[in-house]
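First to last, the protein sequences are chains U and V. Start counting the first sequence at 1; every next residue gets the next number (our numbering). Start counting the second sequence at 1; every next residue gets the next number (our numbering).
Keep in mind the hints are simulated off the structure, nothing from the lab. Keep in mind that the hints are not guaranteed to be accurate.
Claimed, not checked - Now the in silico label distances, taken between C-beta atoms and shown as ranges: (1) V:LYS82 - U:THR11: 15 to 25 angstroms; (2) V:LYS148 - U:LYS16: 19 to 29 angstroms; (3) U:LYS77 - V:LYS148: 25 to 35 angstroms.
Note that this is a predicted model, so its numbers are computed, not measured. Positions of the beta carbon are idealized from the N, C-alpha and C atoms, including for glycine.
There are 2 protein chains.
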Amino acid sequence: MLSKNQIKLITSLQRKKFRDTHQLFIAEGDKLVMDLLGSGIKAAYLIYSKDWQNQYTIDDRNSIESRIETEISQIKKISNLKTPSQVVGVFKIPKLDLNKKEIANSLSIVLDDIQDPGNLGTIIRIADWFGISHIFCSPNTVDLYNPKVIQASMGAIARIKLSYIPLDSLLSEYQNPDFPIYGTFLEGETIYNSKLSDKGFIVMGNEGKGISDVLKEMVSHKLFIPNFPENQETSESLNVSVAAAIICSEFRRLEF
Amino acid sequence: MLSKNQIKLITSLQRKKFRDTHQLFIAEGDKLVMDLLGSGIKAAYLIYSKDWQNQYTIDDRNSIESRIETEISQIKKISNLKTPSQVVGVFKIPKLDLNKKEIANSLSIVLDDIQDPGNLGTIIRIADWFGISHIFCSPNTVDLYNPKVIQASMGAIARIKLSYIPLDSLLSEYQNPDFPIYGTFLEGETIYNSKLSDKGFIVMGNEGKGISDVLKEMVSHKLFIPNFPENQETSESLNVSVAAAIICSEFRRLEF
Numbered sequence: 001m002l003s004k005n006q007i008k009l010i011t012s013l014q015r016k017k018f019r020d021t022h023q024l025f026i027a028e029g030d031k032l033v034m035d036l037l038g039s040g041i042k043a044a045y046l047i048y049s050k051d052w053q054n055q056y057t058i059d060d061r062n063s064i065e066s067r068i069e070t071e072i073s074q075i076k077k078i079s080n081l082k083t084p085s086q087v088v089g090v091f092k093i094p095k096l097d098l099n100k101k102e103i104a105n106s107l108s109i110v111l112d113d114i115q116d117p118g119n120l121g122t123i124i125r126i127a128d129w130f131g132i133s134h135i136f137c138s139p140n141t142v143d144l145y146n147p148k149v150i151q152a153s154m155g156a157i158a159r160i161k162l163s164y165i166p167l168d169s170l171l172s173e174y175q176n177p178d179f180p181i182y183g184t185f186l187e188g189e190t191i192y193n194s195k196l197s198d199k200g201f202i203v204m205g206n207e208g209k210g211i212s213d214v215l216k217e218m219v220s221h222k223l224f225i226p227n228f229p230e231n232q233e234t235s236e237s238l239n240v241s242v243a244a245a246i247i248c249s250e251f252r253r254l255e256f
Numbered sequence: 001m002l003s004k005n006q007i008k009l010i011t012s013l014q015r016k017k018f019r020d021t022h023q024l025f026i027a028e029g030d031k032l033v034m035d036l037l038g039s040g041i042k043a044a045y046l047i048y049s050k051d052w053q054n055q056y057t058i059d060d061r062n063s064i065e066s067r068i069e070t071e072i073s074q075i076k077k078i079s080n081l082k083t084p085s086q087v088v089g090v091f092k093i094p095k096l097d098l099n100k101k102e103i104a105n106s107l108s109i110v111l112d113d114i115q116d117p118g119n120l121g122t123i124i125r126i127a128d129w130f131g132i133s134h135i136f137c138s139p140n141t142v143d144l145y146n147p148k149v150i151q152a153s154m155g156a157i158a159r160i161k162l163s164y165i166p167l168d169s170l171l172s173e174y175q176n177p178d179f180p181i182y183g184t185f186l187e188g189e190t191i192y193n194s195k196l197s198d199k200g201f202i203v204m205g206n207e208g209k210g211i212s213d214v215l216k217e218m219v220s221h222k223l224f225i226p227n228f229p230e231n232q233e234t235s236e237s238l239n240v241s242v243a244a245a246i247i248c249s250e251f252r253r254l255e256f
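Required output: the full structure, derived from the provided sequences and hints.
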């Protein structure tokens, strides 16, 4: 059974303010919860139905402070989904340990004010697929621990190091002739003909406004995903997570 | 002013059953409505606020049966958005005119039971960007005229010919040694090393179940988007619209 105070605490985690205060976030659903447990992220609570417990074995090595078996009617009270899952995990926000040398020698994604939780979750999943370990977000980017981001990332957050940092200072810190900073612009070079590196930053801009002026100046390589045929009327742009997917794929195809 | 009957009719269009009966669909927002009007799709009603009318000029060539200026409080009643727009269009579902020769000589996308409206809308936008004019959907794919699909497609539906058809008969009809049928499978060939044609079908499967068994048998070219590095633990798969984006980009990069 969940106590009233537990229900109050857990539902408060829908809001960033309380996630920050308690350093906790929620994840729902078999696959996502099992992925997070398996990744070493610590759980404060694991709340599940009897049916769920009969189907899944929770390894003793998984660090779970409190296991609570309860009724689906109670899970409904804390669920953020239309059809609540049989399991909800309340996880501790992990502390990140960033290695500058590793960052300077690999590709990272830089997100400038991405607002849509689905887009952020999808980009995390893309980074995971293409072996991009670090994502840096402007402070105004949607919160990683927003339940919709967590659901859209499908467990990929367990493997990606994502941090919030003022992007102008980040880019200044790594800016040097051997470390390319890529961004997509309508006036950029066709990505299919561009020389792409296996290290650098890939900057993706806000859904409506694109990359901010301050960062534009710091981009060393302007890229463009051309539409086809080139002179035919088409959509104004590609969705940011779709563009991120195509760009990451282009960087990685060089390795095959 | 909107009459009670008009409000009843327009809100009923949230449901497929009534869209089918009336052969009408709703679109909201400046850009989307202007795109659809500009594309030649006919409007039964254009409903807008006074403010909106002062900002936008509706060309007389745009075919609009009824123009209704009203209060935002009325627009709220028919809107499907959290923050209603100043303009709502009720459009007539266009009749498609499919040209078999054109289909046999170009690339088309085939969608096998895509369920998520956002995914369908995003795939329509991708097709539009990459000059893929035809999309064929299994009868169980989410409805094109679902308001969420319309919003996610960002006006691209005005340029794409999308139809619902049993996919096994469609594939049988076009199946021949010169017309490749592509699909993505974990056991497929790395797409970066595959020979890709400028015609054929690209089959994309359901979000959870992938491509159905019947269609699997009909795929002549199995493709795979490899993760990187190849042996590292990663997400189980890419989102279907993300995979569609990477695949379409790979087909079109050959032209640059």
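Taking the beta carbons of LYS148 (chain V) and LYS16 (chain U), is their distance inside 19 to 29 angstroms?
Holds - the Cβ-Cβ distance for LYS148 (chain V) and LYS16 (chain U), about 25 angstroms, lies within 19 to 29 angstroms.
Taking 25 to 35 angstroms as the stated bounds, is the beta-carbon spacing between LYS77 (chain U) and LYS148 (chain V) within them?
Because 27 angstroms falls inside the window, the suggested range holds.
With 15 to 25 angstroms as the target window, see if LYS82 (chain V) and THR11 (chain U) comply at their CB atoms.
Given range 15 to 25 angstroms: holds, Cβ gap about 20 angstroms.
In the structure shown, no violation is registered for any of the earlier numbered hints.
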